[in-house]
Structure formats: structure tokens, C-alpha cells
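K.L.:
One letter stands for each residue in the lines below.
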Amino acid sequence: MTTTVNLDTDAIVQAGLADPEHRGLASNPARGSMDVSKPQQPPTYVVNSSDDEDSWPDKPTEEELHTLRRVSGKIKWNIYTIAFVELCERFSYYGSAVLYTNFINHPLPEGSTTGATGSAEQLVPGALGMGPKAAQGLSLFNQFFAYLMPLLG
Amino acid sequence: MPATGKVEVAVGCVTAETENKELISSSRHSAWIADARLGRFWTIHIAIGISTIAHVILVAASAPGVLAKPDSAFAAFIIGLLTLCIGTGFFKANVSPLLAEQNDDVRMRVEERNGERVIVDPAVTNTRIFLYFYFCINIGSMAGQIGMVWVEKYLGFWVAFLIPTGMFLLAPLVLWSQKKNYRLSPPTGSLLSKFLRMFAYVQKRSRLFKLDWDIAKPSNVPVNERPSWMTYDDAWVDEVRRGLMACKVFLFLPIFFLSYNQMTGNLTIQASTMELHGVPNDIIQNLNPISIVIMIPLIDAFLYPGLRKLGIAFTPIKRMTLGFMIAAMSMVASAVMQYYIYSKSPCGWYANTVGCDPAPINVWAQSLPYILIGLAEIFANVTSYEYAFSKAPENMKSLVMSVNLFMNALSAALGQAFTPLSDDPLLVWNYTVVACIAVVGGVAFWFCFHHLDSEEDKLNMLKKSKFIGKEEPTLAELNKANDA
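These protein sequence lines are chains A and E, in that order.
Position 134, counted from 1, in the first sequence is what the numbering used here calls 134; the numbers after and before it change by one each time, with no gaps.
Position 469, counted from 1, in the second sequence is what the numbering used here calls 469; the numbers after and before it change by one each time, with no gaps.
Just so you know, not all the hints are guaranteed correct.
Claimed, not checked - Simulated DEER-style distance windows between Cβ atoms:
#, chain 1, residue 1, chain 2, residue 2, range
1, E, Ala444, A, Thr67, 30 to 38 Å
2, A, Pro107, E, Leu169, 43 to 51 Å
3, A, Pro107, E, Met245, 27 to 35 Å
4, A, Pro107, E, Ile312, 39 to 47 Å
5, E, Gln203, A, Pro107, 54 to 62 Å
6, E, Ala417, A, Lys74, 41 to 49 Å
7, A, Trp77, E, Ala301, 16 to 24 Å
8, E, Gly306, A, Glu63, 22 to 30 Å
9, A, Lys74, E, Ala413, 40 to 48 Å
10, E, Ile283, A, Glu110, 57 to 65 Å
11, E, Ala301, A, Glu110, 49 to 57 Å
12, E, Ala301, A, Glu63, 24 to 32 Å
13, E, Leu421, A, Trp77, 43 to 51 Å
Unchecked claim - Anything over 12 Å on all C-beta distances counts as not near chain A; from chain E, calculated:
#, residue
14, Pro64
15, Val110
16, Met167
17, Cys448
To be verified - Derived pair list, reagent style DMTMM-like, types lysine to aspartate or glutamate, alpha-carbon separation capped at 25 Å:
#, chain 1, residue 1, chain 2, residue 2
18, E, Lys309, A, Asp58
19, A, Lys76, E, Glu112
20, A, Lys74, E, Glu275
21, A, Lys76, E, Asp104
22, A, Lys59, E, Asp423
23, E, Lys344, E, Glu455
24, A, Lys59, E, Glu455
To be clear, the hints were calculated from the coordinates, so they are not data collected in a lab.
In this text, a Cβ means the ideal position worked out from N, Cα and C, and glycines have one as well.
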């Protein structure tokens, strides 16, 4: 924060001075938006900023920080939805990746067009029948490609 | 990997799992895109687009008509696999920062709950968010892995590839329907270059080995002497410094993953030298996600609140140190198990010889190392996610996250150095060495970082930078000076 008030202070030294309102939210509508046409906040806010940022109504005191029990805030519903999205993604990634080896390694079981064995017998599902060496080679190729990706970018 | 023969299992498991780790490194690039150009939400949508295409290609490659022509099936399969790599790399690096952004509890406050005055601490909320995030990751991967193996066997490959596709399409539906409810931080211009310039600026002006970041704070530089790129604010400098400290913590992660990676390779092979009673040796691996899914709610409901009640601050650094120690215990358990296998196997210290009968030890005895690794993951790995996000500047979160993930890739390379030990009769030594490394790593970790521990509250309460999105807090000042 470029305030004249804080000119020579180190924010770390000023422990406990979190800046609540300004986390890309609320107080200034233009902040955190792409809409730069809105007027910038006039520099006058600088003067009184230390007041409303250094303390807030229910801020714990130094003593309370050491004595009171700490609890979790409420986890909002939208956080669960993102976790669910990740659940779906992991399901589909691992659900697919787990199939690679058999797909490459073993041949189609006899009489099968889909690769399924259709029974609980010992038959292993497969499709391309290229053998374990091909399966491993493919994995190495995949590794190499994945390492190359970020470099190309 | 659900293959059944011993050889393929060994090969398949080791390589396929490491490949998962590797592809994470492709996320570094996408993180930069997300932080600087597009914004997280839309990068995720691009990732979803790429992955959807990948899944569709995989389904097509395994369609019965295509399977009749193995060459074209193989070609399509490869394209699908690579596309999925890219899509996943983009997705992974951005979904967790998006999650971290949603916690708008940013300041501690005193509240009264059931007659008791308590502090609602955003750091505690964050811990819980990441615990349950990890919980979901494990449910997803476990269900996918176990379920699709079964579908593959009874319904065929194309159904087994189709179900993940369908499951995946739920992701954009949920995201779109909830878009209004998400907090999305906008992208900042080319942040990396700004960071590098700041770094060079600091380095040039401070003593060797002792960087004085305050030098780069705009308030310490007279306006007319400021370079044109200095449009951030003082708080951003502090956030960057804090983010770099978090990255230092990551430097120890490969040591943890060295133990973790034993699970997907050596422990799966170990299972094949034990009495399986009809259980495929690679199914045993799922004990790890299962134990995680069981333990996370327990830890969240009893362990963490209990410790807080006792007034013990179980801070991230402490948790990670404990994680290293538990990982070491898991390796000790594996080493002991391996010793018993060697002494009871009909082939003695060459238990992995092809055609050798299994040692008369039930494979479920492996539960112990797997459960311990799961516990270690919760303490070390989940905490590292949490730590990364709580410390990184708002507009550098994706980048810090991908540094974290990149450590995964690095540890796979480190693991390669230990492959000479992954054979009879050295396997006991393999686990012992890894256990020792984990203990040493844990102790070193504690000595390097316990000072951060005492500053935990201070660090979490740093002023937030206003350098968010296109907002450049000190730009106006700079322009004014130039005009004058």
C-alpha cells in the first residue's frame, strides 16, 4: 500500500494489520475488475487508511490471540462445488489412465470386439496386443512429451 | 494398474504412475498463462475443452470398429493420451488456486459460539478446505480406478473410456451453473517479467547473499527515480517475499515424495511376492486412497480441533515435519516386511525370481505401510498445498502452485537414482535408505523452517497488495511524476 502514513514501515513489523476489505473485494468497485474506465480512487483515501485497516470491530487483542480457542469459519457452498469438479476430473483422468497398460499390452480376448473378457475367468482384457515392452515404451514417450511441453511454451 | 501377470504389473505400475507425476510439469507453463493472461476461470474452461476432446478421441480409439484395425486404433490412442496430458496439466494448476480464492474469510475475528468466546481464524478454515479438497481428489481417483477396471473387464474399453468422458462433462456444467457465486480474481499483465525485474533490481542494490526487499518498495524509491515497471505497491513486495519463502519450503518435498513413490512401484511389486488370495496385486494400492478418505474426516473432527482446544498450535511447519516422520515409519514398516518376505520365501533373498512361490505372508499385511503413507500425505502434502496458497501473492498463486507440483516431477527423477536398489537382495536396504533420508529430511526441514513457525500469525496477517488484476496501485503516481 502506497500510503504516506506507512512510508517507512515494514508490513511484517506491523503484525496484525491485515487489510480486510481490500482483498479484491467491495470497498472500491473498480478494484479487481477489468473495468478501468471507472474513476480511480482519489489519493485522499491514503490519509485515513491506517485507521480502518489496522483495526476492525471484532479484531482479537494480543491477549485473546494467545488464550482463545481457534475455530474454523464456515466453508461456503461454492467451495464444495469446486471440490466436486476436481473429483470429476480426477475420476476421469485416473479412470482412463488405469486402462492404458492393458489396452496396449494384451491382445483382444478371443471372440471379443470390445476388449472385454465377458466372464470372471482368468482372461485379461486387452486390445492392441503390443506387449509389455510397447506399453513401457509408450509410458516413457509420454513422460518425455510431458517434460517437453512446458519448455516449448 | 490392473494387469494380472507379474511382469506387466511391475512394468506397467511403475511407469504409468510416474507418468502421472511427469505430466504435472506441463502445468508450469499453463500457470503462467493463467496468472498473466486469461484469468483462472477461463483457463480452466480451455483445459476442459482440451480434455473433453482427449476423452472423445480415447473413446473413438477403443470403439469396436476401430479396434478391428489396430494401427489406426493405436494412432488415435496416442493422440488422445497426449491431449489428455495437456488438458490435465492446464486443469490441475488452476483448479486449486481457484479453490483457494473462494475463502473470503480473511481476517481473524472474535465470535461467541455456544457461550464460548473463540477466534475464527481464516488459517484454520483454509486447512479444512484443503483437507476436504484432498478428500474429494481421493474419492474421485479411487472410484475411477476401481470402477473402470471392472467396466473394462466386463463391458469393454470403449465403455470404460466413455464413462470418464461423461463424468468429466459434469465439470463445466457445475462451473457454469455456479459461475455467479465464484470470486474470480482478474489476470494481471506480464507478472513474471515484473517479478524478475524487481528481483534484479533488488539484487543489484543489496549486499551479496542478503537480499533487502525493502529496496524495491515504491515508497522507498522517490517517484521520479522509479523505473517504469514499478507500478505495484509495497504490500506486493512483502507478499512476493512471503511467497518465495513458501517456495523454499517446497524444496524439501521431493524427499517426501521419494517415500511416497515407493508405494506405486516397489510396494506393488512387493505385493506380488506375498500371498494374494486372488486379489490382483495392484488393487492393494487402493488401500492408500481408502485410508485417506477414512482418516480425513477423523482428523478434521477430532485431531485438529482437539489440539486447538488444548491450545497447541499445530502449524503447517509442524504438520509437515510430522509428515516426514510418518513417511519414515512407513518405510521402516516396509523394510521389516521385506525382511520377513526374504526370510520366509522359498527363494530366500531372491523372492522376486519369476516362478517363485509367494512368501507365506498375507498381502493385507501391507495395510500398515499404506495407511502410514496416507497419513503422511495428509500431514505433508495437503499442508504444502495449503501453505502455498496462504502465502503466495493473490496474482501469483497459480505460479506458486505449479512450483509445488513441479517438485512432484523432480522427485520422480530423484527416484530414478534409487532404481539399482529395487532388486533382490537389496530391497530391504532400499526401504531402509529411504526411511533414513525421510528422517534426516524431516529434521533438516524443522531446523530450516521452525523460525517461520513463530511468525505464522504475522505472515498470515500481512497487508494485502492492491496489485490485483489490471489495477496498478502506484501507476497514477508514477505518471503524474513523469508529466511534471
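K.L.:
Hint by hint, say whether it matches the structure.
P.N.:
Hints, verified against the model:
The beta-carbon spacing between alanine 444 of chain E and threonine 67 of chain A, approximately 33 Å, falls within the hinted interval of 30 to 38 Å. The hinted range of 43 to 51 Å is not satisfied by proline 107 of chain A and leucine 169 of chain E, whose Cβ atoms lie roughly 32 Å apart. Proline 107 of chain A and methionine 245 of chain E have their C-beta atoms about 54 Å apart, which leaves the hinted 27 to 35 Å range violated. Between proline 107 of chain A and isoleucine 312 of chain E the C-beta distance comes to about 59 Å, which lies outside the given range of 39 to 47 Å.
Checked against the given bound of 54 to 62 Å, the beta carbons of glutamine 203 of chain E and proline 107 of chain A, roughly 60 Å apart, stay inside it. Range check, alanine 417 of chain E to lysine 74 of chain A: Cβ separation about 46 Å, and the 41 to 49 Å hint holds. The hint said 16 to 24 Å for the Cβ distance between tryptophan 77 of chain A and alanine 301 of chain E, and at roughly 20 Å that hint holds. Glycine 306 of chain E and glutamate 63 of chain A have their C-beta atoms about 23 Å apart, which keeps the hinted 22 to 30 Å range intact.
One distance hint, 40 to 48 Å for the beta-carbon pair lysine 74 of chain A and alanine 413 of chain E, holds here, with the actual separation near 42 Å. Checked against the hint of 57 to 65 Å, the pair isoleucine 283 of chain E and glutamate 110 of chain A fails, with Cβ atoms roughly 25 Å apart. A hinted range of 49 to 57 Å for the beta carbons of alanine 301 of chain E and glutamate 110 of chain A is consistent with their spacing of about 52 Å. Between alanine 301 of chain E and glutamate 63 of chain A the CB atoms are about 29 Å apart, so this pair conforms to the stated range of 24 to 32 Å.
Between leucine 421 of chain E and tryptophan 77 of chain A the beta carbon distance is about 49 Å. The supplied range of 43 to 51 Å therefore holds. With a least CB separation of 4 Å from chain A, proline 64 of chain E falls inside the 12 Å interface cut-off, contrary to its annotation. A beta-carbon of chain A is positioned within 12 Å of the beta-carbon of valine 110 of chain E; the least distance is around 5 Å. Some Cβ of chain A comes within 12 Å of the Cβ of methionine 167 of chain E; the nearest lies about 5 Å off, and the non-interface call is violated.
Under the 12 Å C-beta cut-off, the non-interface status given to cysteine 448 of chain E relative to chain A holds; the minimum distance is some 19 Å. Restraint check for lysine 309 of chain E and aspartate 58 of chain A: satisfied, since their Cα atoms lie roughly 21 Å apart, inside the 25 Å limit. As the CA atoms of lysine 76 of chain A and glutamate 112 of chain E are separated by approximately 20 Å, the hinted pair is consistent with the 25 Å bound. As the CA atoms of lysine 74 of chain A and glutamate 275 of chain E are separated by approximately 47 Å, the hinted pair breaks the 25 Å bound.
For the suggested pair lysine 76 of chain A and aspartate 104 of chain E, the alpha carbons sit about 9 Å apart, so the restraint of at most 25 Å is met. Simply put, lysine 59 of chain A and aspartate 423 of chain E have alpha-carbon atoms about 59 Å apart, too far for the 25 Å limit, and the pair is violated. With a C-alpha separation of about 52 Å, the suggested pair lysine 344 of chain E and glutamate 455 of chain E falls outside the 25 Å cut-off, and the hint is violated. A C-alpha spacing of about 18 Å is found between lysine 59 of chain A and glutamate 455 of chain E, which places the hinted pair at or below 25 Å, so the restraint holds.
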